[in-house]
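Chain S is fixed; fit chain E onto it per the hints.
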Amino acid sequence: MLDLINVSYDTQIPNNVGLSSDKRVLKALEKWHPGYINWWNDLIPDNFQQSLVYLRTAVSVDPKGWAKFDYVKMPEYRWGILLAPQAEDRRIPCGEHAGQPAWQEVPGEYRNMLKRLIVIQGDTEPASVEQQRFLGLTAPSLYDLRNLFQVNVEEGRHLWAMVYLLHKYFGADGREEADDLLRRQSGSEEAPRMLGAFNEETPDWLSFFMFTYFTDRDGKMQLESLAQSGFDPLSRTCRFMLTEEAHHMFVGETGVGRVIERTCQVMKENGIDDPHDIDRIRALGVIDLPTIQKKLNLHYTLSLDLFGQEVSTNAANAFNAGIKGRYMEHRLDDDHKLQSATYMVWDLEDGKVVRKEVPALTAINMRLRDDYTRDASGGVGRWNKIIDKAGIQFQLVLPHESFNRAIGVFANGRFDPTGRRLGEAEYDAARAGWLPSKADGDFIQSLMKPQYEPGQFAGWIAPPKVGIDNKPGDYEYVKLHMA
Amino acid sequence: MTKIIDFQTDPSKYRHWRVEYDGDVANLFMDVDENGGLFEGYQLKLNSYDLGVDIELADIVQRMRFEHPEVKVVVMRSGKDRVFCAGANIRMLGGASHAHKVNFCKFTNETRNTYEAAEADSGQKYIAAVKGACAGGGYELALACNHIMLTDDSASSVALPEVPLLAVLPGTGGLTRVTDKRKVRRDLADIFCSTEEGVKGKRAKDWRLVDEVIPNSKFDDAVAQRAKEFAAASSKVAGPGITLGPLARSFHKSGAVSYSLVEVELDRPGRKATITLKGPDAAGPGSVTDLHARGDQSYLLRLARELDDAILHLRLNERELGLLVFRSQGDPEAVLAQERLLLENREDWLANEILAYWKRVLKRVDMTSRSMIALVEHGACFAGVLAELLWAVDRSYMMEDEFEGDNRPMASVTLSPANFGPFPMGNDLTRLQTRFLGTPEAVTALEGRTGAAMEASEAMEAGLVTFAYDDIDWEDEIRIFMEERASFSPDAMTGMEANLRFAGPETMETRIFGRLTAWQNWIFQRPNAVGAEGALQRYGTGLRGNYNMERV
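Taken in order, these protein sequences are the chains called S and E.
All residue numbers for the first sequence refer to the working numbering, where the first residue is 1 and numbers rise by one.
All residue numbers for the second sequence refer to the working numbering, where the first residue is 1 and numbers rise by one.
There may be inaccurate statements among the hints.
Here are the simulated PhoX-like pairs of lysine-lysine, each with C-alpha atoms no more than 25 Å apart in a straight line [said to hold, decoys possible]:
| hint | chain 1 | residue 1 | chain 2 | residue 2 |
| --- | --- | --- | --- | --- |
| 1 | S | Lys168 | E | Lys202 |
| 2 | S | Lys115 | E | Lys202 |
| 3 | E | Lys205 | S | Lys115 |
| 4 | S | Lys479 | S | Lys73 |
| 5 | S | Lys115 | S | Lys337 |
| 6 | E | Lys228 | E | Lys80 |
| 7 | E | Lys45 | S | Lys356 |
| 8 | S | Lys115 | E | Lys45 |
| 9 | S | Lys31 | S | Lys73 |
| 10 | S | Lys352 | E | Lys45 |
| 11 | E | Lys80 | E | Lys218 |
| 12 | E | Lys202 | S | Lys31 |
One-sided excerpt, in silico: chain S residues whose CB lies under 8 Å from chain E [said to hold, decoys possible]:
| hint | residue |
| --- | --- |
| 13 | Asp180 |
| 14 | Glu189 |
| 15 | Pro192 |
| 16 | Met194 |
| 17 | Thr313 |
| 18 | Phe319 |
| 19 | Gln339 |
| 20 | Leu361 |
In case anyone wonders, no lab produced these hints; they're calculated from the structure.
Since this is a predicted model, take the numbers as computed values, not measurements.
We put the CB at the ideal spot given by N, CA and C, even for glycine.
In isolation and in its complexed conformation, chain E is listed as follows:
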């Protein structure tokens, strides 16, 4: 699986989903094209999905917010008879490299989190209307919805058959949402997660696996009714939407990618990619009206979209580049002005959506399993929301004093209210709270210093950057660090970074990306699942997995 995967799509290209908009309710139909798999060698039968199907879903969820803000309830349902969704395609998983599986799961997890949060973030509530078999990743799709309705036709069921059937875990949040979100009792969860056929009817409700079980003949009406009720209960005021046009993006022969505000340069021998973010290239918008008028071209929205795409591209398509270097160049004050308009107008749906999108993009950075550093150079614009990147990365380096022949403005870091609330990490703390977990008073103190451009010595003293180097040391120190980093085992790096990044309390999200994902990725390496006689390889052949019965 080496072909380039593009995360950009639009409704004219969808093969697997369709959306019917009906005022404040949208009906989202999953109707996977069997022959529309991203790769050769498998058919997407029974509404099973691969990364391509999920890329479309992510696009729909994103457009739902920006292009259809009038929507208050999204009903996710199947476009096929007798099956809601059979989950991730097993042959695809069986044929995929370990890295593809891991990245696939990560992206699908992020998409689930995104629509799960849509109710709280954007006033868009997702209902899963389950008719037919809803198994594995299919039930995980439903679990991430805010409300699950199951028909009682004595055949439709919800199930997590991964363990008994495939010797892997329901790793797209399944196990975690069963216990943490649905709060299913653990012994019942144990039965549910080890029973291939799952649970149907009243028991599914009794066990809290679904919110409602409805007689089949009344199902469609009940779903429509519930959608209407939820929509009526929402006080959201929004619309009309804006259009998310195609990104201005070009790929260069070298592998470099240029966007309007983001440059990605590759250093393959050094196994690193440098991501440079540019400051605002135009003044304004000066008002909310102006923000709306600019549509997808306003600075912070455009930057978020481009950065998001760049990260996804590097994750999936440039897996040898183990180090991501974040740079920025531009006017910090201009960044803060852009941000201020949004923060001061959060009641405006578009301002709110752009901020919520930044929250997701920053989380995507947090979750990226590459070594990441930030370079705060002269002329940098790490201010407010962009400064969050300094605490998302593993280390940061800042230029101190003047550099010979460099007449750019002195390197600085500027805090803003954006650093104290709107962009929590997966652990529900801000990046600063996480950074200063042992000294919460430091965060309080920093809150008093918003708006002031802090140069290297101040930023060092405040603990906002890792190192500050002057002209003499800068290049060498960074070179040595990068060379050293590039020599370490990527596995150990991934593991170490994932552990160090998320200090503090556990949330459902950290448990999904931590505990669940780590165990799943371990199982994905074990012969019992992926060996020649493992369950994933043998699935579909009729032969059972031949397990090594030793407990590890």
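Excised from the complex, chain S in its bound form:
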């Protein structure tokens, strides 16, 4: 009998899927592994590869103790394949097969659709590591450096998880797709990543925090909806990935929060009350709140684009097929089929922004995006509390969904952050007030100097309230190898 809680290390790849008795898949994965290691080694600067990083490694799927912390060199990290335990008598939660037993094998008729979803999800995982590859060189502390690498190795593990599904369930096609996941590269001219936002650079640490808060949250929502899949192995995989993803959200939310906290603190110390007194604030070596708002605007709107078209055939097909559900599908109180239900979506009619009722099946993307926006607004509220507590008159807000969009009904129009339609010239004139300009980027870049002393933090960011794994403030989270 397979031990589903304790991970087997008897093969090269830690797993709880009985890999050692599945010679076919084991062989495929072991063949894929060297390519993966090459990818990793080519990606992360060498001195970090040689450094000892205090990382958590998933060793089990037991909610009470699934990870252990220890120093490890990243290339030696044990990227395992871990699926949440199988729920007894699980049923397909939605679509035309709702209520039937969940699939343990790929249903032939949905093979391509499933494969495509897994490939798209898989493609985003390594992409973010690629986007963040140079951030280690400017880390504001060893604590942050460690968090960056934690996020990176876990994205790597998520890639493994998707590759496992491809190898296990999709035969030769799946193996080919798994190889292509390593072939595509973020921002590459040769073979770019599949989704636009994953081909943008992550140029600085504020971008990294914003990315992990907003863009990884899109990943979380996608995982949430795949966790509802009627294809049980995918559901189980994603359920466990969500456990790790929570840490990424945490890195993002606390990261942005610490930047805000530091700015407010320095403003107070220097008697600056006006958050728009930008030159003075910047002269003190911290990032002014309006610029933080601009970064937020950028990353939030790029992330909204990841949800695709408001009205989408692919999303409708996937839901109806039962291979992708809604956020918290099991908690929703409806027939889970949506064949006659409707949902309100944004649309543009004669140049006006309107809400319109459309068949709910076709609005699955929009619905997930609405859930996302609700989910993302929580942290924004907590950031505002920090500002409020410092007594500064400023509020961060999520811009309107029409602002700065490249996908969906708003893609061809110009809007301000409140959703007011603008002419091209009017928009261009005001743009620098809403989105980071090159000068803003240059300023932030000027602050990006590494701080590798244990317990020390760069001047533009506050220390965290508590350490990782309850370690003290001056803990050496990364033992740097300085060759």
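Structure of chain E alone, referenced to chain S:
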């Protein structure tokens, strides 16, 4: 979908395509305006197309030949990121009447054939430079090009997803070109045509679905390079082009249409349209120089354009008129003189283009699913190229002897070298070869009789017309025939005529218009595709087609 569809357009009106001319290479960008659909109720997302998009393409292909003869290579590419072309718009198809779907497919097929033949006919080679998704009708666009280049960015693919996704066929030549032109092995073709996501990268080349797979970073350079090489390899001498101006055309309240050389009269109760072609209205051109100087006004070019437009108009906009009657009036000798200048100067690009255009127009007549007859009356000018119409139609009637009170010249048919080669049908035979399939010696014999005006008895004896009637019988016989014809089921007529018209060998073209189109049109009638729960109707709703699983 009842609005009048106009097949005339010009570059100032394009919404979906743009062309950048660069010497002997033209870059043709497909950049479909989402909101530019011909009808309400759908958006042309992802470079999907409807008839309006294809009308522009047909116009571009036509102008490329006449207005830009210097072009030797046309590179077809997408003006959008990440998608080459997603094919025919599904919502448009879902909402369209059966007749519109069929006519849409026919016209798009004719346009594909036209640019596919441009290399052989006009020395214009089409390259498809595929970046991004190239699916369904998108791949069919590429298939009709003479050379397909695919980028290897690990995402771009070619696909024919119609069967798994929509429960219809890739009916714009897709299935046929995969096997007959690309010569893809049938088992691989079976996989390809039933796999929604298609094939990318090296495999696309290995399976012969594309000619080249090129690393993404080198793609644009390789395409430019290939275009240059193909252009350099062409020995075509041409230019400068002529301008194709707007047609002289007026619509009358009755539905009749007048052109400078073509009159279309309608008899709605009798469900027929009469198309009268006029002979040359001026002498000359007397030389090639003169031909060029006359531009789009030379007789045979003007007549071809007008007839082409009239046929398309009747096909799409006058679907109740099941019978087309072709007449002509004019001087047969003058027609032959016009034609002779072209035939004797085929090395001149313009003469060649006009002849090649006539080949296409005559094929368009062949492919028109209406009962067609020709009336060879006194004063008719069915000579040379115009005589081809007599064998394109289903039956022909010729006036014999003098008619009372009719002082027009005696009805005649005159053969010319034009009837023995330059205007093959889709089956690659001339109309005479097809007509006399069982007696090829008859064609040889007729070749010796070119230039002589044959009156009714001679034409009958030679088998060139179906009936010859004198003054006594003429009107009644024709009236009775027309009344009878108008009473038959139009479906049976269409089917019967399509079968009888194309005797002889199969070609890729006949297989497209025959086998592929017939199966597609059958599927277009079946509930599995078009029923309320069929795949086409349900596409986009998230619900799958609910199929009747019985094999028929």
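Quick rundown of the hints versus the structure:
no.	hint	verdict
1	Lys168/S / Lys202/E	holds (24 Å)
2	Lys115/S / Lys202/E	holds (20 Å)
3	Lys205/E / Lys115/S	holds (23 Å)
4	Lys479/S / Lys73/S	holds (10 Å)
5	Lys115/S / Lys337/S	holds (22 Å)
6	Lys228/E / Lys80/E	holds (23 Å)
7	Lys45/E / Lys356/S	holds (20 Å)
8	Lys115/S / Lys45/E	holds (24 Å)
9	Lys31/S / Lys73/S	holds (22 Å)
10	Lys352/S / Lys45/E	holds (20 Å)
11	Lys80/E / Lys218/E	holds (19 Å)
12	Lys202/E / Lys31/S	holds (21 Å)
13	Asp180	holds (4 Å)
14	Glu189	holds (5 Å)
15	Pro192	holds (7 Å)
16	Met194	holds (6 Å)
17	Thr313	holds (5 Å)
18	Phe319	holds (6 Å)
19	Gln339	holds (7 Å)
20	Leu361	holds (4 Å)
Hint compliance for this structure: no hint is broken.
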